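Asker: Spelled out from the first residue to the last, the chains are:
Protein chains: 2
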Amino acid sequence: MRIHLRIFLASLLTLIASLALGPAAFAENDPLPSWNDGPIKQEIIEFVHATTDESSPTFVAPAERIATFDNDGTLWPSHPMYTQLAFALDRIKTLAPEHPEWKTKQPFKAVLDNDIKALAAAGEKGLVELIMASHAGMSTAEFEKIVTDWFNTATHPRFKRPYAELAYQPMLELLAYLRANGFKTYIVSGGGVEFMRPMTEAVYGVPPEQVVGSTIKTKYEMKDGKPVLMRLPDIDFIDDKAGKPVGINKFIGRRPIAAFGNSAGDRQMLEWTGAGSGARLMMLVLHDDAEREYAYGPAKGLPNTKFGTFPQSLMEEADEKGWIVISMKKDWARIFSFEE
Amino acid sequence: MRIHLRIFLASLLTLIASLALGPAAFAENDPLPSWNDGPIKQEIIEFVHATTDESSPTFVAPAERIATFDNDGTLWPSHPMYTQLAFALDRIKTLAPEHPEWKTKQPFKAVLDNDIKALAAAGEKGLVELIMASHAGMSTAEFEKIVTDWFNTATHPRFKRPYAELAYQPMLELLAYLRANGFKTYIVSGGGVEFMRPMTEAVYGVPPEQVVGSTIKTKYEMKDGKPVLMRLPDIDFIDDKAGKPVGINKFIGRRPIAAFGNSAGDRQMLEWTGAGSGARLMMLVLHDDAEREYAYGPAKGLPNTKFGTFPQSLMEEADEKGWIVISMKKDWARIFSFEE
Numbered sequence: 103m104r105i106h107l108r109i110f111l112a113s114l115l116t117l118i119a120s121l122a123l124g125p126a127a128f129a130e131n132d133p134l135p136s137w138n139d140g141p142i143k144q145e146i147i148e149f150v151h152a153t154t155d156e157s158s159p160t161f162v163a164p165a166e167r168i169a170t171f172d173n174d175g176t177l178w179p180s181h182p183m184y185t186q187l188a189f190a191l192d193r194i195k196t197l198a199p200e201h202p203e204w205k206t207k208q209p210f211k212a213v214l215d216n217d218i219k220a221l222a223a224a225g226e227k228g229l230v231e232l233i234m235a236s237h238a239g240m241s242t243a244e245f246e247k248i249v250t251d252w253f254n255t256a257t258h259p260r261f262k263r264p265y266a267e268l269a270y271q272p273m274l275e276l277l278a279y280l281r282a283n284g285f286k287t288y289i290v291s292g293g294g295v296e297f298m299r300p301m302t303e304a305v306y307g308v309p310p311e312q313v314v315g316s317t318i319k320t321k322y323e324m325k326d327g328k329p330v331l332m333r334l335p336d337i338d339f340i341d342d343k344a345g346k347p348v349g350i351n352k353f354i355g356r357r358p359i360a361a362f363g364n365s366a367g368d369r370q371m372l373e374w375t376g377a378g379s380g381a382r383l384m385m386l387v388l389h390d391d392a393e394r395e396y397a398y399g400p401a402k403g404l405p406n407t408k409f410g411t412f413p414q415s416l417m418e419e420a421d422e423k424g425w426i427v428i429s430m431k432k433d434w435a436r437i438f439s440f441e442e
Numbered sequence: 103m104r105i106h107l108r109i110f111l112a113s114l115l116t117l118i119a120s121l122a123l124g125p126a127a128f129a130e131n132d133p134l135p136s137w138n139d140g141p142i143k144q145e146i147i148e149f150v151h152a153t154t155d156e157s158s159p160t161f162v163a164p165a166e167r168i169a170t171f172d173n174d175g176t177l178w179p180s181h182p183m184y185t186q187l188a189f190a191l192d193r194i195k196t197l198a199p200e201h202p203e204w205k206t207k208q209p210f211k212a213v214l215d216n217d218i219k220a221l222a223a224a225g226e227k228g229l230v231e232l233i234m235a236s237h238a239g240m241s242t243a244e245f246e247k248i249v250t251d252w253f254n255t256a257t258h259p260r261f262k263r264p265y266a267e268l269a270y271q272p273m274l275e276l277l278a279y280l281r282a283n284g285f286k287t288y289i290v291s292g293g294g295v296e297f298m299r300p301m302t303e304a305v306y307g308v309p310p311e312q313v314v315g316s317t318i319k320t321k322y323e324m325k326d327g328k329p330v331l332m333r334l335p336d337i338d339f340i341d342d343k344a345g346k347p348v349g350i351n352k353f354i355g356r357r358p359i360a361a362f363g364n365s366a367g368d369r370q371m372l373e374w375t376g377a378g379s380g381a382r383l384m385m386l387v388l389h390d391d392a393e394r395e396y397a398y399g400p401a402k403g404l405p406n407t408k409f410g411t412f413p414q415s416l417m418e419e420a421d422e423k424g425w426i427v428i429s430m431k432k433d434w435a436r437i438f439s440f441e442e
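Taken in order, these protein sequences are the chains called B and X.
With the first letter of the first sequence counted as 1, position 164 gets the number 266 in this note's numbering; the numbers rise by one all the way through.
With the first letter of the second sequence counted as 1, position 69 gets the number 171 in this note's numbering; the numbers rise by one all the way through.
It should be emphasised that the hints constitute simulated quantities derived from the structure, not laboratory data.
Only a predicted model underlies this, so the values are computations on that prediction, with no experimental measurement involved.
Don't take every hint at face value.
As the list makes no split between identical chains, a pair holds if one copy fits it or if it spans any two.
[What the hints assert, rightly or not] Think about it this way: if two alpha-carbon atoms lie no more than 30 Å apart in a straight line, the pair counts; the simulated BS3-like pairs of lysine-lysine are:
| id | residue 1 | residue 2 |
| --- | --- | --- |
| 1 | 325 | 423 |
| 2 | 321 | 195 |
| 3 | 343 | 205 |
| 4 | 207 | 227 |
| 5 | 432 | 328 |
Chain B on its own, in the form it takes in the complex (with noise of 0.2 Å):
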């Protein structure tokens, strides 16, 4: 009930602003201007100026200001899978030359032969493997050029455009806002560290050091008289579900005030954030646009998927919690910067 109470206040606070200023001078200001006008924008911008007007009685000092978003569904498409698993069926293929052995054997065969369903069959421990082969055994430094390279070329199946270009406009517009009132935006995201670091500063201006997410083990070596990092085939943390808040405790050291998810893999990292004090913000991206993006739940009748599932225990507890559900249909005016 407390989120239908918040959307009505919101709504006539909406009203009382149009009225007040006209709506020239509000467009004019609009830092949000990929999100359509209503009550979810308008929560976001009431948030805003809750934490950060100094008269306010929730108001937040600079240094508290933080923010979290997941990457994949929250920020960029993860559609028809993961970028990062995109990524890794890619090496994969560039690698298979010097390995012989993967036309006969899984898990990589079936990358190979462009098997989905052997694939599929080989479940979690196939896509390990695959992480694994495609992941380690090079410096730190020569995966972070792989990577670059690879975002420098690699398209998206759907769109046709570089990975970088499928940021969320309204997402960016997001970010943007919240920094220009002196948040600090990070990223907390299931995907590897070292695979995000090389694009988020210039995707979504997060630098290095604000990019929580999962990492694999890596050595202290020296090499021709030059000290290397050796990344290992061996996991180090999983920064998914309840791995959420402890990446945020152990990188960050602060409660977020505020915090973007779209899947079940976010749930823990918006109840930690939610059960701080003072005023929140907890949103859920709910993919229900198959036209402009793509379609899944399986929550509100919405087909179900392997990549960002939105469960209908999810859509529960947000409404249970105020969490604010934002329809990409609904609530987004375009999705991608390169629309119309």
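Add chain X to chain B, keeping to what the hints say.
Answerer: Only chain X this time, still in chain B's reference frame:
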């Protein structure tokens, strides 16, 4: 040899600067008043000019101005024992009434009897047992309170003052000077992240998200309907020796351009910092002042120690690689803010 040439050139620059400005003007603008004038102080100032003056060929963009500082023995004393060990021993004594079995069980008995010999005999395994018994089994919020309360009441056995007052004044000036020049200052310590965070902002001006250190595992749980992170008796990461570059890469994701340490535990951090291109500043604090603080090595024939060992091999690597060794006795006009 390189270091000698640099010190000679720096001396020359000090001379020219003092001739040009006159001693009064020089003293007035001194950002490092607790450092004795001389080549080492001048090296620091020259490095800051070289990296922050836009006309300098070695100019560094603000975002890349990362400086990492070891804590124990670099920013405050590590004798007669690491501060965190003093905390652990106090904590064991506080908890003893709830653990009658400790009266007869090592290494706890040794702590309760103040039996240093038996404590030493318990070795590293014993130490880990003490750390786990004192640092795990509570939530992160509870631990933060325990640590904060301890820092508010505990005093150093020799200096009879709260630990927070024992930060080295020259290093506080150095931290402030670097930050005033757009550097981001990080703690990179073998100490526990959550033991340090409750005091780093007040004592060093370093916020929680810029503290890299050792961690124990934490687990996200619901307790009375509220989420908590429970501290488990299980080591997650040791941020010492070869672990320091690993920690720097994991948490910061950028290579520092300046690094400050005092012991064998900092060797790899300085190597990693020095292996980057452009202007670099690597410094080691040598504790050679038994009168005002402590004197230990065993480098340069100083007494050996278990807390913050500075071996002769580190001195040789410093000389070979141009790392600057700070003599507390000669280079620091005062060590603590409460002196005089």
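Asker: Are there hints from earlier that the structure breaks, and if so, what are their numbers?
Answerer: 3 and 5
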